[in-house]
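Chains as they are written, first to last, in the working numbering: chain A, 1 to 166; chain P, 1001 to 1299.
Careful, some of the hints might be misleading.
[What the hints assert, rightly or not] Partial pick of chain P residues on the chain A-facing surface, computed with a CB cut under 7 angstroms:
(1) E1024
(2) V1030
(3) V1034
(4) G1037
(5) A1076
(6) D1083
(7) R1189
(8) V1192
(9) E1244
[As the list claims (entries may be wrong)] Each pair of labels, with its calculated beta carbon distance range:
(10) P1261(P) with S111(A): 53 to 61 angstroms
(11) T1277(P) with A69(A): 52 to 60 angstroms
(12) A10(A) with T1277(P): 40 to 48 angstroms
(13) A95(A) with E1072(P): 23 to 31 angstroms
(14) G1210(P) with A95(A): 47 to 55 angstroms
(15) P1261(P) with T127(A): 55 to 63 angstroms
(16) N1137(P) with R123(A): 25 to 33 angstroms
(17) N1137(P) with T127(A): 37 to 45 angstroms
(18) S112(A) with S1033(P): 22 to 30 angstroms
(19) D1250(P) with P138(A): 23 to 31 angstroms
(20) R152(A) with P1107(P): 33 to 41 angstroms
Derived by calculation from the structure, the hints in this document are not laboratory data. Note that the Cβ used here is the ideal one computed from N, Cα and C, for glycine as well.
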Amino acid sequence: MVSVRERAAAVAAEVRDPEMPMLTLADLGVLRDVQVDGDTVVASITPTYSGCPAMATMRDDLVHRLTDAGFARVEVRVVLSPAWSSDWITEHGRAALRAAGLSPPGPAPRSSGPVPLTLGPARRALTCPLCGSSRTEPVSEFGATACKALYRCADCLEPFDHVKEI
Amino acid sequence: MNDSVYDGLLGGDSSQWAFGTDFEDPLAGVDTSVPAGIDAAELAAYCLMLGDDTLVLSQRLSEWCSRAPELEEDIALANMALDLLGQARLLLARAAAADPACVPSLPAGSPVPDEDALAFFRDAGQFRNVRMAEVPNGDFAHVVVRLLLFSNARLAILSRLRDSADAVLAAVAAKGVKELTYHRDWAGRWFVTCAQGTEESRRRLIDALGMLWPLYDELFAAHPVERSLAAAGAGVDPETVRAEADVVLDQVFAVADVPRPPLVGVRGRTGRDGLHTEALSLMLAEMQVVARAHPSGRW
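Please model the entire structure based on the sequences and the hints provided.
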């Protein structure tokens, strides 16, 4: 017997990220919690970046998917702490990123105390998601969305997006 | 046949509409009660200081859109503007939640959220940002130097603010540190590139540093509100992070082989007191004109 909360959580988990639609909100790690309180589903989400313009769309997509699934009242809350980390992208999500031609993030830096400066080019051991070559080079640490850096492959010469470590 | 051309477009799947364009509370469901021992009005004033810094600098970075020397750098500047705008939104919303009296009053029934009322319906004299954030843009070297000086100082403040007694400020800082780390690295790399590039790029970099350096000291000049919040465990006294920030800046200067300019201090009232350059009024006029023309507008 599936509980109401489990059914609501399953519906919410399948909502897709508007900017990286190969990922569900659960894959991306932004869906933090789903609870049922009386006749209200309370879903909690956290922003990837402070200015993430997809937050409002995620909220509305959650409301509409859950409403369409028969839940009468849906409330979406924001959770700010702990701050989202790219480490929260699931293995399933990483595979989906690779399948879509994106490079998944490596381990996020852990920092407490003063943040070290990096003046050299970002050193990541990346594999080209298109041809598998390890000869890749960064083009820019800022890409098409806040969460991505832009790389190019020195073998197949194709550019590709890399989801940044934060 | 459908009665309306829009009927049937979505195949009954209402989630396909772009519903996410309306306003929402960026702190929906977040506990915004003011911790014991912290003055709510002071907390709001402190949030406005930090939030105005990032709002105003975000607007200046947005002005670069379509004007950077390369598409990649144009995108980088827009990304940084977006990060700073996001931080500003949370900080202004936190200010409004802590002390609703700081929010300008709008016509009854206006749908403008509090953080937007603060951003679009205050005059220059009510802004509390440092002047480093507001001075007009110059060339590419200018935005590199401005971002290096600002993000380095802000990173030192945010890394300590992660332990703020105010949970909202601590959360904004924790995320801000991750974002500002990328901003400072970008600015540091370009600082070195310009300094070690051509004679012309080095000349422009040193000119930009000369223009912005007189505003550097203000980044660390503590306002009484900052001292008070720091004493209460909710804020950071910028004077206490100066040495830490200087160490990093000296690393960049050393690699770039650029001499550190002599210290120029700030005397008297500053941006934190509402004293600004003429440039802020002109910038705000452009930024605020549409919102002010339609105080009850729905977007």
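Give me the numbers of the hints this structure contradicts, sorted from smallest to largest. 3, 4, 10, 12, 15, 20
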